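**Q** Top to bottom, those sequences are chains A and B.
All residue numbers for the first sequence refer to my numbering, where the first residue is 1 and numbers rise by one.
All residue numbers for the second sequence refer to my numbering, where the first residue is 116 and numbers rise by one.
Simulated from the structure, these hints should not be mistaken for lab results.
Nothing here was measured: the structure is a model prediction, and the numbers come from that model.
You may find that some hints are simply not true.
To be verified - Some, not all, of what chain A presents toward chain B, calculated at C-beta under 10 Å:
(1) Ala-50
(2) Arg-68
(3) Arg-111
Where a beta carbon is used, it is the ideal one built from N, C-alpha and C, also for glycine.
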Amino acid sequence: NAGVTQTPKFQVLKTGQSMTLQCAQDMNHNSMYWYRQDPGMGLRLIYYSASEGTTDKGEVPNGYNVSRLNKREFSLRLESAAPSQTSVYFCASIRGLAGRTGELFFGEGSRLTVL
Amino acid sequence: GQQLNQSPQSMFIQEGEDVSMNCTSSSIFNTWLWYKQEPGEGPVLLIALYKAGELTSNGRLTAQFGITRKDSFLNISASIPSDVGIYFCAGQPINTGTASKLTFGTGTRLQVTL
Numbered sequence: 001n002a003g004v005t006q007t008p009k010f011q012v013l014k015t016g017q018s019m020t021l022q023c024a025q026d027m028n029h030n031s032m033y034w035y036r037q038d039p040g041m042g043l044r045l046i047y048y049s050a051s052e053g054t055t056d057k058g059e060v061p062n063g064y065n066v067s068r069l070n071k072r073e074f075s076l077r078l079e080s081a082a083p084s085q086t087s088v089y090f091c092a093s094i095r096g097l098a099g100r101t102g103e104l105f106f107g108e109g110s111r112l113t114v115l
Numbered sequence: 116g117q118q119l120n121q122s123p124q125s126m127f128i129q130e131g132e133d134v135s136m137n138c139t140s141s142s143i144f145n146t147w148l149w150y151k152q153e154p155g156e157g158p159v160l161l162i163a164l165y166k167a168g169e170l171t172s173n174g175r176l177t178a179q180f181g182i183t184r185k186d187s188f189l190n191i192s193a194s195i196p197s198d199v200g201i202y203f204c205a206g207q208p209i210n211t212g213t214a215s216k217l218t219f220g221t222g223t224r225l226q227v228t229l
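Here chain B stands alone, though its shape is the one from the complex:
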């Protein structure tokens, strides 16, 4: 199946710092999504991207759909303790019109210290 490389695997940051993480694919995607998972919960959608070059914000979160269609970035500004969790990227290959083709990254575990 598809391979998504998500980095970094984990991050330990101080409250107030900015965070950046990214996902790269070996093939072209037409959809990029970013999910957050908190302990004991299922993933929750943060941002969805549908066009190459698209830049979308959700509060302190900003994500971009790479121009090459093979990567995506998520930035979190001024981190706070409740940002703790695992962030997953997910991508849908081009010319597939169903969520059954979504591929998930392995996640970035974010820890925020006071």
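Isolated chain A, as found in the complex:
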């Protein structure tokens, strides 16, 4: 039972380079999310997709784009990486039970360093 799978787990970029973080879930969840985690900041929502075919901005969307490729996959793209985007990125999905909107399932994270 894989759950939420993220790739790559580690990546080092130079300023200005682009890259895409991939996320896939095998739990048939409707909603998927991308968070970043920085020391002392908690988890902050970058973008989310409430359902296949929709995407919306979260708290910190600048510098990122997303694609909900299908129900399983939700990718996060950095078009021109900046050192401020050095962080650990987490993909998450949610069961979507009525009223149970907090039970997120997270991937293992992707650690990105921008030099």
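Got chain A; can you put chain B on it based on the hints?
**A** Frame of chain A, contents of chain B only:
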């Protein structure tokens, strides 16, 4: 955005001790959640709370949804080495029906010594 104050920031305790941590918000929440994150892993849900005053246990863990709806507490009894990790609270503001509105606390780092 919303602000969640989580305390303490870190704890160093001996195996067998009980642990308490809490989270407070400046606004009312209708959901409180507690997650645990181990090194190199993503957060894992421990306990979810949906009603003011609710007290829920998961093994040695007990969490409560504060009556004011602005706070929540997590207690761990008889700590063991595998309790090591970072514990996050998360809350969802009232009248929001989507996890996109979840706000996470900054975490409590727990270290357990033998």
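**Q** Indicate, hint by hint, whether the structure satisfies it.
**A** Against the structure, the hints come out as follows:
{"no.": "1", "hint": "Ala-50", "verdict": "7 Å, holds"}
{"no.": "2", "hint": "Arg-68", "verdict": "14 Å, violated"}
{"no.": "3", "hint": "Arg-111", "verdict": "9 Å, holds"}
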